[in-house]
Amino acid sequence: EQGIPFYEIFLDVPVDELKKRDPKGQYARVESGELKHFTCIDDPYEPPLQPEITLKTHELEIEQSADILFRRLEMDGILEGAPKLTPPGLPNPDGDEEIDLHVPAHLREERMSEAKTLPKVLISDLDLNWLQVIGEGWASPLKGFMREGTLLEVLHFNSILVDPFNLTDNKDAHTSTTNFEKFTQFRAPDRVSMSVPITLSCTEYTKAAIDNSPHGAVALTTQMGNIVAILRNPEIYPNRKEEIATRMFGVIDMGHPYIKEIYKGGDYLIGGEVELLDRIKYNDGLDKWRKTTRELMDEFREKGADTVYAFQTRNPTHAGHAYLMRSAGENLKKEGYKNPVLWLSPLGGWTKEDDVPLDVRVKQHEEVLNSGLEHPGGLDPAKTVMAIWPAPMVYAGPTEVQFHAKSRRSAGASYFVVGRDPAGMKGSELAVAHPDDDLYDGDHGR
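Just so we're aligned: 416 in the numbering used here is position 416 of the sequence shown, and the numbers increase by one with no gaps anywhere.
Each hint should be verified, as a subset may be incorrect.
What the hints assert, rightly or not - Derived CB-CB ranges, DEER-like:
| hint | residue 1 | residue 2 | range |
| --- | --- | --- | --- |
| 1 | E242 | T203 | 15 to 21 Å |
| 2 | E8 | R191 | 34 to 40 Å |
| 3 | K20 | D443 | 51 to 57 Å |
| 4 | E74 | A28 | 38 to 44 Å |
| 5 | E31 | L85 | 52 to 58 Å |
| 6 | T246 | F70 | 31 to 37 Å |
| 7 | G336 | T203 | 54 to 60 Å |
| 8 | N212 | F157 | 33 to 39 Å |
| 9 | A382 | G320 | 19 to 25 Å |
| 10 | E295 | R420 | 27 to 33 Å |
To be verified - Cut-off 25 Å, straight-line C-alpha distance, at most; resulting in silico cross-link-like pairs (PhoX-like, lysine-lysine):
| hint | residue 1 | residue 2 |
| --- | --- | --- |
| 11 | K84 | K116 |
| 12 | K291 | K303 |
| 13 | K352 | K291 |
| 14 | K352 | K363 |
| 15 | K182 | K171 |
| 16 | K383 | K426 |
| 17 | K334 | K288 |
These aren't lab readings, by the way, just hints derived from the structure by calculation.
Ideal Cβ placement from N, Cα and C applies to all residues, glycine included.
Go ahead and model the full structure; you've got the sequences and the hints to work with.
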């Protein structure tokens with residue numbers, strides 16, 4: 001009833017070793033002729049063809065055998081408190097909930113008709129990136145743009161409290177309108193990483209349109225006029241830009257590219273749960289590399305991965321990167337993994353103007369895969385999956401790189417390889433402490 005599988009365990013031990021052990025004296029009785037038709041002696045023994053676990057206990061200490069058993073149970077999620085949602089060996093998404101907010105195909109026409117009757121909220125290209133992150137499950141367990149209570153948890157704790165199984169009556173805490181006058185009696189039991197605010201701003205004009213609408217929802221519309229999602233039960237609250245920027249970045253630099261985007265936003269934020277009306281596509285020739293968290297899980301399962309390690313760079317890969325990726329895989333094998341799979345995970349969202357364009361990076365990644373192991377800068381395509389990660393770059397240093405790692409876990413990665421000064425950049429000429437110098441110490445991301 002709990003979905004726990006049956007395990008066939010083969011104790012693969014030579015007969016001579018069994019005779020040495022023989023705690024009940026059975027083999028001695030066989031040799032004396034007292035016992036007949038004894039398995040492995042005068043009766044055949046047929047070893048299992050496909051046992052789930054094989055233990056050569058004559059070559060292992062008791063602790064080593066037990067470790068193999070416990071590792072398999074852990075890999076299959078048997079010893080975890082939550083149901084296993086992912087292939088064996090791969091972690092559950094944060095919050096123990098698989099998030100996919102695309103409207104089912106049979107309801108798409110109905111939802112689109114509804115969306116055309118709702119107040120429109122114009123979203124930027126940056127907002128579209130974040131919408132894709134939410135809708136495809138990269139920010140699990142988030143189901144929409146952050147409400148005020150959720151945003152405050154993120155800003156002050158770099159994490160959120162969750163209660164996926166409603167143990168403390170907090171299951172809907174992040175999908176309900178924030179109410180500072182009412183709290184549940186007990187605190188949610190689990191804390192999951194969430195270090196980057198994911199918000200949607202709006203103007204006074206849009207706020208008035210929503211406030212005066214009889215509908216409890218809005219239509220999210222791109223700058224090209226395409227309705228891409230419905231946001232339900234909107235919660236509108238002040239956009240405290242200075243507080244968000246200072247807590248998120250920990251630096252004062254009004255020339256910082258993402259900080260400038262924050263200050264360009266409207267004076268209000270809209271929180272609420274989203275439904276994607278269709279898959280977000282960019283029609284730039286790279287959509288084949290844009291895979292959802294669920295699609296990536298399936299691909300890792302097909303490759304038989306018992307662990308996944310992700311590598312991100314917003315620059316082209318070179319031989320040094322390839323060495324890092326190869327050596328990381330070898331290190332995981334030394335830890336006992338049989339089939340670690342590399343996820344080459346280029347950042348695919350908004351970046352600052354002088355970063356290397358996505359198409360250049362992806363084409364270079366394709367060459368790295370096509371070169372194979374014969375080339376010193378190549379990778380093994382049989383052990384590698386390439387998929388674009390859709391989030392924008394915010395250049396918030398160690399705070400941001402926590403989200404980079406957490407987000408990859410939502411698609412099955414247990415390890416994340418980053419370089420020196422992850423998610424960092426040089427301060428602009430307007431930076432108070434570090435103009436034209438690294439905003440963050442290059443070693444702090446470690």
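Hints, one by one, checked against the model:
| no. | hint | result |
| --- | --- | --- |
| 1 | E242 <-> T203: 15 to 21 Å | holds (18 Å) |
| 2 | E8 <-> R191: 34 to 40 Å | holds (38 Å) |
| 3 | K20 <-> D443: 51 to 57 Å | holds (55 Å) |
| 4 | E74 <-> A28: 38 to 44 Å | holds (40 Å) |
| 5 | E31 <-> L85: 52 to 58 Å | holds (53 Å) |
| 6 | T246 <-> F70: 31 to 37 Å | violated (45 Å) |
| 7 | G336 <-> T203: 54 to 60 Å | holds (55 Å) |
| 8 | N212 <-> F157: 33 to 39 Å | holds (35 Å) |
| 9 | A382 <-> G320: 19 to 25 Å | holds (23 Å) |
| 10 | E295 <-> R420: 27 to 33 Å | holds (31 Å) |
| 11 | K84 <-> K116 | violated (39 Å) |
| 12 | K291 <-> K303 | holds (16 Å) |
| 13 | K352 <-> K291 | holds (23 Å) |
| 14 | K352 <-> K363 | holds (20 Å) |
| 15 | K182 <-> K171 | holds (15 Å) |
| 16 | K383 <-> K426 | violated (35 Å) |
| 17 | K334 <-> K288 | violated (34 Å) |
Violated hints, listed in ascending order, are 6, 11, 16, 17; each of the other numbered hints is respected by the structure.
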